[in-house]
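Here the protein sequences line up with chains A and B, keeping their order.
Position 126 of the first sequence, counting from 1, maps to 126 under the numbering used here, and the rest follow consecutively.
Position 66 of the second sequence, counting from 1, maps to 66 under the numbering used here, and the rest follow consecutively.
One or more hints might be untrue.
The calculated lysine to aspartate or glutamate pairs, modelled on DMTMM-like cross-linking and capped at a C-alpha distance of 20 Å, are [what the hints assert, rightly or not]:
(1) B:K85 to A:E337
(2) B:K119 to A:D313
(3) B:K281 to A:D313
Hints were generated in silico from the structure; no laboratory data involved.
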Amino acid sequence: MKTRNLSKLTKSNFITYGIVIAAYIIVEIFLRAGMVSSLLEGLLVPLCMYVILAVSLNLTVGISGELSLGHAGFMCVGAFSSAIFSKCMETVLPVAGIRFFLAILIGTAFAALFGVLIGIPVLRLKGDYLAIVTLAFGEIIKNVVNVVFLGRDSRGFHISTKDSISLGLEKGGEVIIKGPQGITGTPKDSTFLIGVILILITLFVVINLINSRTGRAIMAIRDNRIAAESVGISVTKYKLLAFSVSAALAGTAGVLYAHNLSTLTALPKNFGYNMSITILVFVVLGGIGNIRGSVIAAVVLTLLPELLRSLNDYRMLIYAIILIVTMIFTSSPGGREIQERIKLFFKKKKTKEA
Amino acid sequence: MIGFISYLVNGISLGSVYAIIALGYTMVYGIAKMLNFAHGDVIMIGAFVVFSTVSGAGLPPVVGVLISVVACTLLGMAIERIAYKPLRKASKLAVLITAIGVSYFLQNVALLIYGANTKSFTSVVSIEPITLADGAMVISGETIVTVIACIIIMIGLMTFMKYSKAGRAMLAVSEDSGAAQLMGVNVNSTIAMTFAIGSALAAIAGVLLCSSYPSLTPYTGSMPGIKAFVAAVFGGIGSIPGAFIGGILLGVIEILGKAYISSQLADAIVFAVLIIVLLVKPTGLLGKQIQEKV
């Protein structure tokens, strides 16, 4: 019985990987055939980014059971730390592949560091308090990034919070972060292929974490904290682990984002709480704790507003209505009843056919 | 010194607006145990109704504000009935996502009707400003009206909660809705009324906010909404005096931070203070007084 369960699990995981790879191959074929509009082509890397974000947030919300509204903050950390690295190394390391690989590692590592630093105090709180504090941290990160000026010359790095002149750079020094104007001229290293590889790595990390001893400990804490503690599971350790892995993966998504744009700025739109909420919507609609669901929901819900583009001004309105209706349909007693009826209807049909 | 006092007055004025929003937030949270992300957008709708009736149709400001309050009350009840009531027994996250959906919905309805351009809101207050210290300090009419409105609302709400039957029903439902139902309290209508009061307060807050800061867009409400929630948490969510104190403190911190530290970091300072308060006192400043939970 046990082995059969295990193989079922492995099968299910391979289906998830398979879906991603198949989607990549199909899109690549369409790209080669020139059947993809430039609008959709520009959406491919952000799509990968959203998938990574959704999967990583699902680790916090679904597996660890903590509502975090500050995911965009970690993405911001990953984006800016890696963009600074890439800009500094552009002349030293001209090989894009190695440079981007290192940038990904650095962005991920910095986001993980912030995950640990923020996680230690924050994870002491519960429920909505935790949600509002993570939101606060995300906003703080975004705001602080907006006032930082960072320059570099032969004497090293200079930081200021006023303007680029007060950096006091020597001749030939360059300003890397220009406060609200952000970082310009980041090399555009992100490609769809790298995005898909990063998705696969993210899935590999998260799925293996969930199905490991550690993952079971994390889920035990989610289901019953006191019971888990009483059998000797260290609550703080495992919660922090899940939170910082989730943060690190968000940082990876941030690296992808930063290297897809020539100008990186911290706006409310990309790194504000609205972004965190958008990702949370993916996670909840995909099914809390369901990794494959997150992947599919992220893709569908990113494409949906684009597919509704012909409806112009009405598209976000329709998006909102779809959101509300889906939630009521899936979560209310009335909606469940309708679901049951539909299932029953199909069952009857099947038995009739048989 | 005069400068500091006038910043302080501005802070109290902004804080009063936050407090009014936070009062609505805290009541809804206390009774429905949900983060009502759409609350901030009700503020925006309230301001737009006044914009249409007063600047557009040329009605007197008092009538415009009354229409706005009525409209938002109905809107709040409609939102509760359509979007939240079916999910009363659903998971918290499902309700949260629905609230986000409602928030998007309201923003985009406003966007369709009024467009994305910033509207300049004409103040509804026609009281002359008070000049103190030989003109070194001016207290605007908006400030006076906002602060007075906030105090009246707070006292009114506390009296309502303590002495009216409906108010005590709200307390009972927030304490334990199952037990309240067994005691003959109509839980559904009590929750509907809480949303009605919260939304009416949001309308007033919207008008006062836009009278002091006269730029109005479909996204005007979301940040004050979040800040008001921060204020409610700050003071101890569920507590009416807590929301009041939290709101005022938040407004003062924000304005003083803007004036003396950095205008861009003002929000960061507000959030940092929230984090520190929650880490020291995880239930907020007045969070202990569970009896006052609404």
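Note to self: Hint by hint, where does the structure go against what was stated? Just the numbers, ascending.
What the structure shows: 3
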